[in-house]
Amino acid sequence: MSSNQRIITDNNKSPLIQVLSLMFLVIAILSCFVRTGAKLYMIKALRVDDILIIVATVLAACQTVIVFNACEHGLGQHFEVLSSSDRETFFKSQYATNTMLIASLLCCKLSGTMSLRIMAQKGQKWIIICEAVVSAWGITALIANFFQCQPPTPWLYGDNDKCINLKAFWTYYSTANIITDIIIVIIMAENVVKIQTSWSKKILVMSVFGSRIFVTPAIVAQIHYSNKAFDSADHSFSIWPASITIQLVQCLTILTVCLPNFKPFLDSLESGQIRVDDLRRQGKTIQEWAEQQISSSRSCIENTAQ
1 MSSNQRIITD NNKSPLIQVL SLMFLVIAIL SCFVRTGAKL YMIKALRVDD
51 ILIIVATVLA ACQTVIVFNA CEHGLGQHFE VLSSSDRETF FKSQYATNTM
101 LIASLLCCKL SGTMSLRIMA QKGQKWIIIC EAVVSAWGIT ALIANFFQCQ
151 PPTPWLYGDN DKCINLKAFW TYYSTANIIT DIIIVIIMAE NVVKIQTSWS
201 KKILVMSVFG SRIFVTPAIV AQIHYSNKAF DSADHSFSIW PASITIQLVQ
251 CLTILTVCLP NFKPFLDSLE SGQIRVDDLR RQGKTIQEWA EQQISSSRSC
301 IENTAQ
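In this text, residue positions in the sequence shown follow full-length UniProt numbering: the first is 1, and each later residue adds one.
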């Protein structure tokens with residue numbers, strides 16, 4: 001079977017899933033390395049939001065390894081040609097893959113909300129509510145995934161009479177993923193607007209932090225292909241487009257959370273830019289710059305009010 005899996009054909013999409021999954025994982029790992037390296041180089045420390053994104057990346061790596069194993073046992077091939085052993089391994093791999101995915105996305109989203117909380121410093125009511133909603137979304141999804149089908153084989157979702165409505169569950173989960181992303185972007189924009197600086201810089205910061213909105217098209221594609229897969233009896237083959245979009249969603253989620261720390265923010269001094277080494281001495285990335293500016297703006301507003 002392994003020799004056949006190296007060739008992408010109309011009846012075998014396993015190699016395609018493996019190649020794209022590996023590519024997405026490399027992008028996610030590099031993003032995490034850049035973020036972590038920038039933080040250690042700039043401020044010589046890692047915060048809770050940094051630890052969470054590292055955990056999310058580790059979970060993504062484990063999830064990708066499981067996807068590779070699933071491909072070796074039938075993912076991307078027609079269900080009817082699989083042995084009973086491969087079918088069992090396929091279902092177990094899907095079960096583990098979904099668990100890792102939910103946990104990884106939860107850590108990513110909590111990392112984003114905690115970064116917002118650190119940046120906002122005051123007036124954190126809506127951010128805390130958002131964190132609570134995100135936590136409830138992730139934890140309930142994990143519980144639903146754990147018990148998606150009747151024990152002792154909760155991974156065997158081929159029998160609809162013994163399982164929850166997986167189509168409805170994953171549609172809810174992915175839709176909530178989009179909605180919480182939009183809420184996080186709105187809260188971020190509300191805080192950045194209060195920064196006392198030029199609109200060009202505000203737009204730059206909002207664009208960097210708001211880049212997570214570009215995950216939405218991938219999530220929509222995931223919903224579409226997942227629903228098609230759940231409607232098919234060819235479980236292992238019909239799910240291959242959904243598997244790829246899931247890996248893409250995971251990659252983009254990690255990438256967009258890491259993006260604000262990719263390079264120092266170029267502020268304007270005389271010529272409109274500040275040297276990178278100046279920012280390095282100050283220990284500021286785009287995120288740190290935004291945190292400082294929002295804090296300064298709030299202080300100015302409070303002093304004016306007094």
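No lab work stands behind these hints: they were computed from the structure. Everything numeric in this text was worked out from a predicted model, so none of it was measured. It is possible that some hints are incorrect.
[Unchecked claim] Simulated crosslink set (EDC-like; lysine to aspartate or glutamate; CA at most 20 Å straight-line):
#, residue 1, residue 2
1, 92, 190
2, 228, 159
3, 228, 80
4, 162, 88
5, 201, 190
6, 92, 80
7, 201, 88
8, 162, 190
9, 167, 72
10, 202, 190
11, 228, 10
12, 162, 231
Status of the hints after comparison with the structure:
1. For the proposed pair residue 92 and residue 190, the alpha carbon gap of about 43 Å is over 20 Å, so the pair is violated.
2. The straight-line distance between the Cα atoms of residue 228 and residue 159 is roughly 16 Å, inside the 20 Å bound, and the hint therefore holds.
3. Using a Cα cut-off of 20 Å, the hinted pair residue 228 and residue 80 holds, with the two alpha carbons roughly 18 Å apart.
4. Of the pairs offered as hints, the one joining residue 162 and residue 88 holds, with about 16 Å between alpha carbons and a cut-off of 20 Å not exceeded.
5. With a CA separation close to 14 Å, the supplied pair residue 201 and residue 190 stays within the 20 Å bound.
6. Between residue 92 and residue 80 the alpha-carbon distance is near 17 Å, which keeps this suggested pair within the 20 Å criterion.
7. Only pairs whose Cα atoms come within 20 Å are accepted, and residue 201 paired with residue 88 is rejected, the gap being roughly 54 Å.
8. Restraint check for residue 162 and residue 190: the C-alpha separation of about 46 Å exceeds 20 Å, so the hint is violated.
9. Pair hint residue 167 plus residue 72 does not hold up; C-alpha atoms about 25 Å apart against a cutoff of 20 Å.
10. For the proposed pair residue 202 and residue 190, the alpha carbon gap of about 11 Å is at most 20 Å, so the pair holds.
11. The straight-line distance between the Cα atoms of residue 228 and residue 10 is roughly 18 Å, inside the 20 Å bound, and the hint therefore holds.
12. About 16 Å separates the Cα atoms of residue 162 and residue 231, which keeps this hinted pair within 20 Å; it holds.
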